[in-house]
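Protein sequences, first through last, are from chains A and B. In terms of the numbering used here, the first sequence opens at residue 96 and continues consecutively. In terms of the numbering used here, the second sequence opens at residue 8 and continues consecutively.
What the hints contain is simulated information worked out from the structure, not anything from laboratory work. Fair warning: this is a prediction, and the values are worked out from it, not measured in the lab.
Which chain A residues face chain B? A few, computed with CB under 7 Å, are given here:
#, residue
1, G176
2, P177
3, S232
4, N247
5, T248
6, T249
7, A254
All C-beta atoms in this analysis are idealised placements derived from N, C-alpha and C, irrespective of residue type, glycine included.
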Amino acid sequence: MTELIFKPVIDSPLLRHLEDAQVLLPGQTVPGVVIKEIHGRSLALVTRRQDMKSQWGELIGSALVTNTVVARGARNWHWYGPGSWLVCASGLEAGDLAVELETPLGGVASVVELSHARSILSLSGPQVLSALAKLCSLDLHPKIFVVGSCANTTMHHMAVHIARVPGRDDFELHVMRGFAVSLCEALISASTEYGYRFEC
Amino acid sequence: MLEIECPWCGACDQSEFSYGGEAHIARPKTPADLSDQEWGDYLFNRENPKGWHREQWCHTAGCRRWFNAVRDTVTCRIKAYYRMGAVPPEEDGR
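Use the sequences and the hints to build the structure in full.
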């Protein structure tokens, strides 16, 4: 078992800059868009080595396909590019996910701990598609971007990974933590006309 | 805006892509042997055709992969996509 030299400290950049808020329209009881930060998520980027395709197939199988989130046990594997996946888990100590993946995959793929590098937001509510349509050029209609879809895209010129994780009815947005406040401000601005609640 | 068909991710808006200019320009193996004219040609001079143009694109905001496309510079219609290093579609008889 390899051990990380240092353990990343996972904190939220949003907590330092933004406060929880709710803006409702006259007569509205349920906000049109709910933006919540997801805390305590571990992330690791797994990139298959170029000459290890057959060894990878033996270890992982071929179930991981383009633009799809696949649940393997308690871990969600998000497609992140050809030969590249973002693995997400909850309830682990910082850094433990990378160590867990490194053990079987070492030599076949490179594993990079990213828990401290991304902020993760959950978007839901009856008007979430209208708000996202202002920022995202992808077709997010539930018949096209079905549950289990994911994609790398841009919102407000920021690189964003968007996913509909199996078993959840929200949209999950991953953004580099340095852009998290900007993205939240853009989302809040797009959601204001529908009424919103923001929690970090 | 163009809708570009990334060979890995499918159709996405042009805003997710970076343009890489004309395709199939190989760096000379021995630059020191070239005349200024030849080196200048390699660096700056491009076909700039009116019509079909083989060019490089990168899906910067998506899968971060480079690929080639054949685009009409008049209508912007793209008729073919092929991988880096692959033979252009017109030349393999397709």
